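For the record, the sequence lines run as chains A and B.
To convert a position in the first sequence, counted from 1, into our numbering, add 1155.
To convert a position in the second sequence, counted from 1, into our numbering, add 1155.
Since the hints were made in silico from the structure, they are not lab data.
Heads up, some of the hints might be wrong.
[Said to hold, decoys possible] The following residues of chain A were derived to be distant from chain B, with all beta-carbon distances above 10 Å:
#1 Arg1158
#2 Gln1169
#3 Arg1170
#4 Gly1195
#5 Leu1204
#6 Ala1218
#7 Ala1263
#8 Pro1278
#9 Ala1304
[Stated by the list, open to error] Partial selection, computed: residues in chain B whose CB lies under 7 Å from chain A:
#10 Ser1157
#11 Leu1159
#12 Phe1162
#13 Ile1163
#14 Arg1164
#15 Arg1165
#16 Ser1167
#17 Asp1199
#18 His1200
#19 Glu1203
Quantities reported herein were computed from a predicted structural model and do not represent experimental measurements.
Where is the CB? At the ideal position from N, CA and C, for every residue including glycine.
Given next are the chains, with one letter for each unit.
Number of protein chains: 2
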Amino acid sequence: MSRLDSFIRRMSAQRDCLDRAAELIADVPGPVLELGLGNGRTYDHLRELLPGREIYVFDRRVAAHPDCIPDDRHMILGDIRETLPAANRRVPEPAALVHTDIGTGNEAANLEQARWLGPTLKPLLAPGAVVVSDQPMPVEGWEELPLPAGVPERRYFMYRNR
Amino acid sequence: MSRLDSFIRRMSAQRDCLDRAAELIADVPGPVLELGLGNGRTYDHLRELLPGREIYVFDRRVAAHPDCIPDDRHMILGDIRETLPAANRRVPEPAALVHTDIGTGNEAANLEQARWLGPTLKPLLAPGAVVVSDQPMPVEGWEELPLPAGVPERRYFMYRNR
Chain A
1156 MSRLDSFIRR
1166 MSAQRDCLDR
1176 AAELIADVPG
1186 PVLELGLGNG
1196 RTYDHLRELL
1206 PGREIYVFDR
1216 RVAAHPDCIP
1226 DDRHMILGDI
1236 RETLPAANRR
1246 VPEPAALVHT
1256 DIGTGNEAAN
1266 LEQARWLGPT
1276 LKPLLAPGAV
1286 VVSDQPMPVE
1296 GWEELPLPAG
1306 VPERRYFMYR
1316 NR
Chain B
1156 MSRLDSFIRR
1166 MSAQRDCLDR
1176 AAELIADVPG
1186 PVLELGLGNG
1196 RTYDHLRELL
1206 PGREIYVFDR
1216 RVAAHPDCIP
1226 DDRHMILGDI
1236 RETLPAANRR
1246 VPEPAALVHT
1256 DIGTGNEAAN
1266 LEQARWLGPT
1276 LKPLLAPGAV
1286 VVSDQPMPVE
1296 GWEELPLPAG
1306 VPERRYFMYR
1316 NR
């Protein structure tokens, strides 16, 4: 499979998982946490999908399309190893949805980050909150959810916080 | 439609048009010209799709994944306004396929570029060659082709050189 095919599948999987997650959190109050702003495409999708929700975005820097940049209150700049453990200072309520797409080409680094990230996210989540992740994130108290039809196993991951 | 949806559609349209073009040029000898290397995903797709063809890539700089960089003979560096009119020095035969995905966010600049690009490409093409473009490129002697099923009108463009 070419890198173009693989990229289209990954982007489609991300979109389909977020669309499913939006349905799953219909009765769960709380904001959305987006880890990694990047070019802002996924942030744009989230705000279209969940127009009533506050979306807090974490990233080291802002390099997004000018139309896809959150206001200062919702853009939390810095290394997530520092900003995420302190997130309750900026995010006033437990989150209903977290999307994390911060994997790199280095699989060992991704696994290590996911191991740290899950337990760090856990206390920020509302009961019933959904986590959508490009990396596996086995966390005590999170149930792994089936993926939407058409999304191949292990291309994306979805969990529900009990 | 969100920017994520739009991006997925554009990438899928590009892939579907290239797959169709590969069938259309089955009996047309000649190399492939790829205008814009970018991250190299489309170059990777082209070399998988057309394993027997030489692929010449034009870009200002190389910023692709290390696995997706052509060798020096096939990587033509510089501004296409200079390298393309002189391409016959580097590309030994008329091309069977050109893919151009060099549009920017600026629609006026894109239109101006497409107006210049079409007539510049024309003498580099074999009879029956196919042009796949992210911009409309009406050129005397090029027939506009129908798009593959599922590709919305004007998301991508395909032409056949007579």
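Taking the numbered hints from earlier one at a time, note which ones the structure violates and give those numbers from smallest to largest. Structure breaks hints 1, 2, 3, 4, 5, 14, 15.
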